[in-house]
Amino acid sequence: MAAPGLSTLTPKVVKEQEKTDYSKWQRVEAKKKVSLPSIASPDRRKEVSSACSQRGRQPAQFGVRSASPAKLASLRKQRFAPKKTSAKDTELTRSLDNIKIFTRLTRSQRTSLDKLKQHGAFLAETNERLVQEVQQAEDSAVKQVRELLQQYEVFGTMVTTLQDSSRHQLGAAAVELQEAEKTMENNLAKLQQELARVNRKVQALQDELGVLRTYMDKEYPAKAIQIDQLLRDIQSLKEEQQYETDELEEMARSVLGGLSKKMQEEQEQIIRAVIEEMLSPYKDGLQQMSANNRVLQKEVQMQKEIIKELQEDIMELQHSIQRLRWDLRDPREVIFADVLLRKPRCLPDEEVVLSVPLEGEEEVAF
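Here UniProt numbering is used: the sequence shown runs in plain steps of one and ends on residue 366.
Possibly wrong hints are sitting among the right ones.
As the list claims (entries may be wrong) - Straight-line alpha carbon distances no greater than 20 Å define the calculated EDC-like cross-link-like pairs of lysine to aspartate or glutamate that follow: (1) K262 <-> E250; (2) K190 <-> E179; (3) K201 <-> E185; (4) K190 <-> D228; (5) K143 <-> E133; (6) K201 <-> D233; (7) K201 <-> D228; (8) K190 <-> E240; (9) K100 <-> D89.
Simulated from the structure, these hints should not be mistaken for lab results.
Could you build all of it, start to finish, from the sequences and the hints given here?
Rendered as structure tokens:
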């Protein structure tokens, strides 16, 4: 993957190196332009050779002997040799500079390539680490999701079971309630019939009482006694009726309360049995968890006590440091106490005791 990046990066580096100004690193002599000798044409060569031949024929001035053409050619070669060598040196210098430049370019490119390789290796390592971290995160997430799904299935099964059992219990309770209502209706009908019978009896007694009142003047004492007896009977019958009615209502309430209590107890027993059956595989884990919780609570309590003791020690140390700060005095006062004669300051809220060495007077404090 790094090869395309390097191939695209190398031309950019070369272009940047080409744009760089290398004139500040070049030699000063390279700035001077070396003028090479112009190449003489054949006509010019003939003129030069004829002039040289004519000079050779003429007598040499200053007592110099005439030179031969071979010597002139050697002298001409010696005269042009330094120019050729200087041009070659310049070309060599330029080529060396170019070589140095290309060497630096190559070195910088190599350094860039090494850095890119190192960066690529670092990125690859980082990618591998990130891939591993992502994989680990995905694995942990999948594991948690599986555990949650298992718990959801378990709780769904528990809820379904509880719903079915509660539905069944509600149905049974409804049937029992209907039966109890029917029984109560039958008992109420019987009581109403008995009440109607008693009312008829009371009505008959009242009719008799009216008849007796009609004949009260004639048979007053006996009829009065009979009337009192009948009134007492009526009152007792009313009390008996009220007692029977209260007893019947109390019986109905007790029956309904017993049925509801029994239904609730059966429902609690069924729910407890279902919960114990569902939680039986986790019983050991729950016991271990409760034991661990108790141990942790003890440890937390111990740590709290230790922290409390440490806080008390810290408070004592702070108080001792404060006392030491208060007791700290200037060394000059300690050394030259008899010279400085300094006494502690008197605070505004401090009690002042005046000790006057006089006879017959006591110390005055205010």
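Give me the numbers of the hints this structure contradicts, sorted from smallest to largest. 3 and 4
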